[in-house]
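Visitor: Protein chains in written order, with full-length UniProt numbering: chain A, 1 to 292; chain B, 1 to 292; chain C, 1 to 292; chain D, 1 to 292; chain E, 1 to 292; chain F, 1 to 292.
In short, the hints are calculated from the structure, not lab data. Just so you know, these numbers come straight off a predicted model, no measurement behind them.
So the derived list for chain B, only partly shown, Cβ under 7 Å to chain C, looks like this: (1) Ala100; (2) Phe221; (3) Pro261.
Restraint-style ranges between C-beta atoms, simulated for each label pair: (4) A:Ala252 <-> B:Glu52: 22 to 32 Å; (5) D:Gln258 <-> F:Gly83: 49 to 59 Å; (6) B:Lys260 <-> D:Asp95: 33 to 43 Å; (7) E:Ile247 <-> A:Gln255: 22 to 32 Å; (8) F:Gln16 <-> B:Gln212: 35 to 45 Å; (9) E:Ile247 <-> A:Asn256: 18 to 28 Å.
Glycine included, each C-beta is placed from N, C-alpha and C at the ideal position.
Number of protein chains: 6
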Amino acid sequence: MFYHVKELQYHAKPSQPDPVYAKKLQEILGGQYGEMSVMMQYLFQGWNCRAENKYRDMILDIATEEIAHVEMIATMIAQLLDGAPAHDQEQGAQDPAVEAVLSGMNPQHAIVNGLGAQPNDSVGFPWTARYTIASGNLLADFRANLNAESQGRLQVCRLYEMTTDPGVRDMLSFLIARDTMHQNQWMAAIEELEQTQGAVVPSTFNQEYEKQEVSYSFMNFSAGEDSSRGRWASGPSLDGQANFEYIPNPQAMGQNPQLKPGPEYIHGTPPLDMRVMQNVEKMEPNHQPYIQ
Amino acid sequence: MFYHVKELQYHAKPSQPDPVYAKKLQEILGGQYGEMSVMMQYLFQGWNCRAENKYRDMILDIATEEIAHVEMIATMIAQLLDGAPAHDQEQGAQDPAVEAVLSGMNPQHAIVNGLGAQPNDSVGFPWTARYTIASGNLLADFRANLNAESQGRLQVCRLYEMTTDPGVRDMLSFLIARDTMHQNQWMAAIEELEQTQGAVVPSTFNQEYEKQEVSYSFMNFSAGEDSSRGRWASGPSLDGQANFEYIPNPQAMGQNPQLKPGPEYIHGTPPLDMRVMQNVEKMEPNHQPYIQ
Amino acid sequence: MFYHVKELQYHAKPSQPDPVYAKKLQEILGGQYGEMSVMMQYLFQGWNCRAENKYRDMILDIATEEIAHVEMIATMIAQLLDGAPAHDQEQGAQDPAVEAVLSGMNPQHAIVNGLGAQPNDSVGFPWTARYTIASGNLLADFRANLNAESQGRLQVCRLYEMTTDPGVRDMLSFLIARDTMHQNQWMAAIEELEQTQGAVVPSTFNQEYEKQEVSYSFMNFSAGEDSSRGRWASGPSLDGQANFEYIPNPQAMGQNPQLKPGPEYIHGTPPLDMRVMQNVEKMEPNHQPYIQ
Amino acid sequence: MFYHVKELQYHAKPSQPDPVYAKKLQEILGGQYGEMSVMMQYLFQGWNCRAENKYRDMILDIATEEIAHVEMIATMIAQLLDGAPAHDQEQGAQDPAVEAVLSGMNPQHAIVNGLGAQPNDSVGFPWTARYTIASGNLLADFRANLNAESQGRLQVCRLYEMTTDPGVRDMLSFLIARDTMHQNQWMAAIEELEQTQGAVVPSTFNQEYEKQEVSYSFMNFSAGEDSSRGRWASGPSLDGQANFEYIPNPQAMGQNPQLKPGPEYIHGTPPLDMRVMQNVEKMEPNHQPYIQ
Amino acid sequence: MFYHVKELQYHAKPSQPDPVYAKKLQEILGGQYGEMSVMMQYLFQGWNCRAENKYRDMILDIATEEIAHVEMIATMIAQLLDGAPAHDQEQGAQDPAVEAVLSGMNPQHAIVNGLGAQPNDSVGFPWTARYTIASGNLLADFRANLNAESQGRLQVCRLYEMTTDPGVRDMLSFLIARDTMHQNQWMAAIEELEQTQGAVVPSTFNQEYEKQEVSYSFMNFSAGEDSSRGRWASGPSLDGQANFEYIPNPQAMGQNPQLKPGPEYIHGTPPLDMRVMQNVEKMEPNHQPYIQ
Amino acid sequence: MFYHVKELQYHAKPSQPDPVYAKKLQEILGGQYGEMSVMMQYLFQGWNCRAENKYRDMILDIATEEIAHVEMIATMIAQLLDGAPAHDQEQGAQDPAVEAVLSGMNPQHAIVNGLGAQPNDSVGFPWTARYTIASGNLLADFRANLNAESQGRLQVCRLYEMTTDPGVRDMLSFLIARDTMHQNQWMAAIEELEQTQGAVVPSTFNQEYEKQEVSYSFMNFSAGEDSSRGRWASGPSLDGQANFEYIPNPQAMGQNPQLKPGPEYIHGTPPLDMRVMQNVEKMEPNHQPYIQ
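Construct the complete structure from the given sequences, taking the supplied hints into account.
Guide: What follows is the structure in C-alpha cells.
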C-alpha cells in the first residue's frame, strides 16, 4: 500500500514558461526510457519477486522513488506550459517569436491536456506497457534496469544541454545524480548475483544441452575482419568457461528449406498442376468447401 | 549491402507438426526480446555507429547473423503448422485431441497467414519498432544488448522445456548456444569500454553539474529496512568514485506545488469566483472567444 | 512524494492456483478500464490540477489508493500462476485437465514473465497511455472518472461470476465495494461542480457563438421513429436552458464538396486532360521536379 | 444498412488554406475524443444493443449523424491543405512565413496523404479501436458517451479559439451546438435509466456480496486533510443508500505478500541455497530439461 | 451525410450460438483486412478525392456499402455469443465440451463487451487507422483496394471452411460474392486509369530524373538462379517502356559509409583519444554543459 | 543465411546536413510504405512460400535488396543529422534560421538516437509488424506488393520535390528507378499467376457456393448516379465470367436484428420489467452471483 506527501522529492520550478521545451521534456516522462517506464518496471518486478525479501524490498524502494520522479517532471511540464499562446496562425506568422513557440509546441498540450503534462513521449507517442520487463529472473531484469538507467541518464544529460533555465537545470541535476546512484545500484546487485550463480542467464540451464560447438565463437558475417580486433574475438570468455574463437568465414549448417503445399481448405497458392487457363470458359473450381 | 544463401544457418526441422507450439514459438520471433528485435536493434546501432570501425563491423556481423535466426524460426513455425486442422467447433468438441489443437492455436496462423509464420509474439501482438534502441552511446547500447540476450536466452530455455520434439530442441540448442556467446560478447565489449571511459553513462557529463549530495545514496522509501542488507547499501560504489550511503527515512526536499489557473481560452475548470448558480436563469458566459 | 508499506490494502490470496483465471484477471489490471488506467488517470489529473487544493488533494488520495489496487491484483495473479504446468502438447492431449489449463493460459505468463503478472489486459494487449484523460477541465474529467469506475465495477462483477475461489471472491468483493464508493464520490464531485458552473462542458464558452438552432434538436437519421419515445426527444433539456425538439427528417444543410486538383509536385491523380494513352510510345512526362 | 447523400450535414468551407491549422484540426477527427471515436462507439453500442428498441434506434441515429461529422471535418482538412507548400528547407529559411508553415505542418499530409485528411490525431497518432467502449450495460456506456461529448466539446471550443477563419469557425459553431445537444441527450438517457435501476453500475449485483464496510468510505491516503472539504466526504451518498464516511488514516488490511519460488523449469532466480560460486571451476547446472 | 435503415443488407443469423467461432469471425470485422478497414479506407479516399466526380461517387458508394458489412458481421457475432457460458475453470475441466468453449473464447467478449462484437481482430488486437491508405493518387489507391479485397475474400473463404453452420455460411456466401464484385470493380477502375496515364505510379514523375540504368533490372541477390525463370526476368516490361534484364551478380555501387563523431553535447560514445583509464583516480570529465 | 558487404548498394551522401529533411525522410524508412515494410513483407513471404522454388527465390532476392535500401536511407539520415543544433529555445528565437531547424526537427533524433536514424515514420510513429502481409496466397500477396511499390514510389517522388540537395536527389533517383522495376516485376508476376489460375482471389473457392446473384452488381448507395459512368458499371467483368450490372436503388435484403437480453451473470442492461424505482427504499438486487 502507498501513502502520498504533498511536497515533491526535489524542487521542480522553472524560471519561466517554455512550452517548446515542455514538449521535449515529455521524453523522460513518458518515453521508452522515461520515468514512467522505470516506475512500472520496478513495481512489477517487485510485486512478482519470488526471491529473498531484501530484493523485493530494494526493488520496491526504488520503484516508489520513481513515482516521485514522474510527479516532479509532470509538475515541471505543467508550469513550463503556463500561459502558452493560442493565437491563430496568421498572427503567429507576423510575430516570429510567437510563431517559433506555436510551431514547436505539442498541439495536444493545449487541445487535449489544457496545459498539463501527458503520459506520452516527445513526439506524442503514448507510453506503452511493452516498455516494461519483469521476467522472474532477477539477473536478467537487473541488466534491463542497468540499461534503463543508462539510457535514462543519457537522455536527461542531453536535455540538460538543451536549456539554460536555472530552475529546470536544478531539477535535472537531481535526476542525473539519482541516475548515477541507480546505475551503481544495479551494477552492485548484478555483481552480487553473478558471484553466486555465474554470468550467463539463466544459470540453471544445463549447458550440456546447448550446442556447445558454437557457444564461444564470434562469426564474421561480412567482408573484412575489423571485427577481429576486439576483446570479444579472442582470450577467455567473460563467464570463465572457455576461450573466444573467431570464425572468419562462417558457413551455413542447415537445410535448404522446402515447405509442403498447404491443404486445400487454406486456399493458398494452388500447386502448378492445379492451375489452368481460365480466360475463355467458365472456371472449374477444384475445391469444395471442407465440410458440408 | 546484403547477400542471401538458401541454406539455413542451422537445421530447423520439427519431427512433426505442432500448431499449438507454433503459437508459443512466435514469442522468440516477434516478441519484445525475439530475434526480430535484436536483428533490428543491431542493424540500426551499426548503421548509426559513429565510433571506430571495429565496433561498426562487429555490430553488423551479429546483426547479419540475427537475420538468419529470424529465418530459422520462421521456417520452423511454417513447418510446425503443416496441415493444421480447420474443422468446425462442433467436430472439435467431439474429438478432444483435435479440440485441444484448435483451442490452443493462434487463429491468425490459419486465417491471415495461411499456415505461415507472422512477425508477432505469442499472443499475436505485432512487433513494434519501439522495442529497439540505438542511442549513439555504445556503452549504453551494449547494456541494452546484454539485457536483450539475457531475456532472449531465458525465453528460449523456457520454450525448450515446453517441448520434447527432438528437431525443435535441436534448433533451440543452437540458439541457446549462440545466446551464450552473445551474452559473453556484449560483456566483453562493455568491459573494454568501461575500462577506458568509466562505468557511468554518459561518462562525458561533468559530475560537478549533478546534485552530488544524492549521487550515491540508497533511499529507503518503505517501512522496514530489508533493503539495507545488499551490496547496494554500503561499501564502495561500483564506479569507484564514492561509498554507498543508506538513508533510512528520506524526506521531501521540494515544494508543495501550486499551479496557476490556466488562461481563459483554454476553458479549464473556471476559478471558484467565476462559477455561479445557473439552474434558473440563462447562463451568462464569462468568456468571449479569444480573437474575433 | 510517496511511501510504501509492505502490507496490501486488503487480502489477496487465492485458495489455489488457477492459471486460466489469472489470464482473465489481467483485464482489470492492465485493461482499458483496469486499475492501471484509473491509477494513471488520477495521478495525472492530480498533478495537472489548476483548481482549488481540495480537488487536487482528493484526486491524489484516490490515485494513491489505486496504486494499491494494482498491487493487490498483481499479487493475486502471481499466486494464481504458482506452479503452472509447462508440459508439452503431446502430454497435454493425453490429460484433458492439463490440456484445459495449457490451452487457456496466456503463454507469456510462463515464457515472458516467469509466472508473474504483466501490465497487459486479458488478451495480452499492453496497457497504453491513450487510456488516460486529464483535460484540465475537472467537470469533463470527473465524468471520465465516473465512466471508468462504472465500467470497472461492471468488469469486476463479471469476473466475480467466473470463479468460485473464496480467496479470489474475497478480494473482488473489496474492489467492488471500493468501486461503489468511487462511483458515488465522482457523482458527488460532479454535482458540486454542476451546481456552480452549469451542466454543459465547458461552461465558459459563450453559447451565443454556437449554432443555437441545433443546440437542442434530436435528429432522426433512420427510417422509423422509435427514437422519439425517450426523455431525450421532448421536455426540458437537462441543462435547463431549452426544450428538446425532435426532427423526424433532418436535411443536409451543407455544400456538395468539390475539391480542387492538387498541385503538380504532389503527384496526385492527374486531371483528365493530362492523362494520355501511353502504351505504344515513350511516355512524355508532364512534370519536371519542383525546384531544380 | 446505410445510404449517402452528397451534401454535407453543414457547411465546411474555410476562407483560405491553413495547413498548420489542418494539423491541429486532426485532433477532433482521429483523436481519442474525435468524431471517429464517437461514430465507432455509437455504432458498436447500437449493433450490440440488447435492450428495448428505442435505445437501439436512438443510439444508431446519433451514430449515423457522427459519420456525417467525420465527413465534414475530413472535407474541411482537405481544403485547408489546398496548395500547401513543398519547398525545400533552404528556401523556407529565407522566407519566414513559408518556414512557419513548413515547420508547423504534419509532413504526412503531403508525403502520405497527398493533401488529404488522415484518420489520425493532431500529433499523427493513428485512431485505435481501444478508444471505443460498448459494454452491454447502457448506463455504463451512456456515462462513457457523456464523457466523450464533454471532452469533445471542450476540444472543439479550444480549436475555435485557435483560428479566426470565419468559415472554420462557422463549422465549429455547428459542432459545438451539436455537442451541447449530445451532452443533454446522454444526461437525459442517464436520468431515465438511473430512475428505474439505481445509480451504481451494475445495479444487478447483490450488494450483500460486496465488502460493505468500505462501500461509502473516503480514504485519505496523504498527509493533510484538504480532501475532507468536499461533498464526497460527508452527507448522504449519491445512490441514496448510506452516508459518506471520512477515514483520515486508512490502514493496510491485507497480508505482507510472500511468493513461493517458481518451479525449476521456469528458470527464475534460483533460491539462495542453489546459487554457488562458479568463477573457478566448471558450472554444475542443477537442472535437467523438464521432460526428456 | 448518411441515413440508416434498420434492416441489414443481407441476412445475418446463425443457426445456433458458437462463441469460439465468434472470436475467429472478428478477423474480418476488425482485422487488417476486415470490413472496418475497407470501410474507413474508402470513406477517406472518397472524402479526399480531387479527381472527377464519378470516382468520388463510386468510391463513396462502395464505402457506404462497407458500413453495412461491418453491421452484418457485428450483428452475427453478437448472436454467436448468445448465452456464452461463464462457468469457473473447475467446472469446465469436468465438462470437456464446456471447457472447449471456455478455452477457445475471447475473454473480453464476456468481460469487456458483455456478449457483443468488438472492433478488434481474431487475437483481440484493436483496429488501427494505420490499416488505411488514402494517398491522393487513385491508381496507387485502387491497387491498395484490389489487394484489400483479395486478402479479404481469401480470409472469408477460410472462415467459410471453418464452420458448417448454414446461417453463418449463408452470410459469408454473400460477402464472398460481394468481394468477387469488388475485386472486379477495382480491376476495372485500374484498367481505366492505366490506359490513360500509364502503369507506373506516379505517372507524372519525369523518368529522366530516375536512375534509368537500373529501372528494368532484376538483381539476383542470392546464390543460385531459380529467380531467372519467371516473367519478371526477361521480355518486355509491363509498362511497355523497355525489356527486363537479369543481373546474376549485382555489385555494390555506393560508398563504405564513415560517420563523423557527434558533437560533444550529444554525449555519444567519446572518440578513442578522449577515453582514459579511470579506475583509480577521480574522473576528469571532458565536457562542460553546452550553454551556461 | 545472409552476408554483409560494407559498401552500400548505391551512394547515400548528402551535400550538407539538413535535420529537418531527415525527419521527413523517415517516412520512407519506417513508415507504412517505407523500406522496412517491404523488407519485412518480402522476407516473410519468402520464408513462408509453399509454391515453386522460382517464386521463393525471386521473393527473397528482392527482400535481400530491400535490406540494403533500409541501410542506404538510415545512413543518409545519420549524415543529414550531422551537427544538428541543440541550442535552447531562447537563443533559437533570436536566430530564425536556427529556430526553423529546431522547430522542424524530430526531437527524438537528438534526445533518443543521438543523431542517428530511427525505425519510425515522419511523425515519429514506430514501425509496426501490422504493416506486413504474407497470406500464403501469392496472387493476393503480389497485389499487396504492387500496392506497396506504388505507394512507395509515390512517396519517394514527393520527397524528391521537397529537396534540392544533389546528393539526396541522387540517392532518391536510384530508389525511384528500383521502384519502377519493382512495380513492373510484381505486374509481371501477377500476370503470370492470373493467366494460369484466374483473376479472382482465391481461385480455388467454388463460385457455386457464393451468392452469385450479387457477384457482378455495382450497388449505388447514394443519391445521384455519377458512379454509373465508369468501366465498373457495365460491360464484361474483368475476370471474364459475367457482365457488370448497375443497381440504382439497392434494397435491404436482411432482417431487422433483434438481440436477446444477455444472461444475468453478464450484468448487461436489465430488461425493463426488472428495473424498479430505487430512490427511496433499499435496493432489492435481483441477482445472486452465478455459482456459490
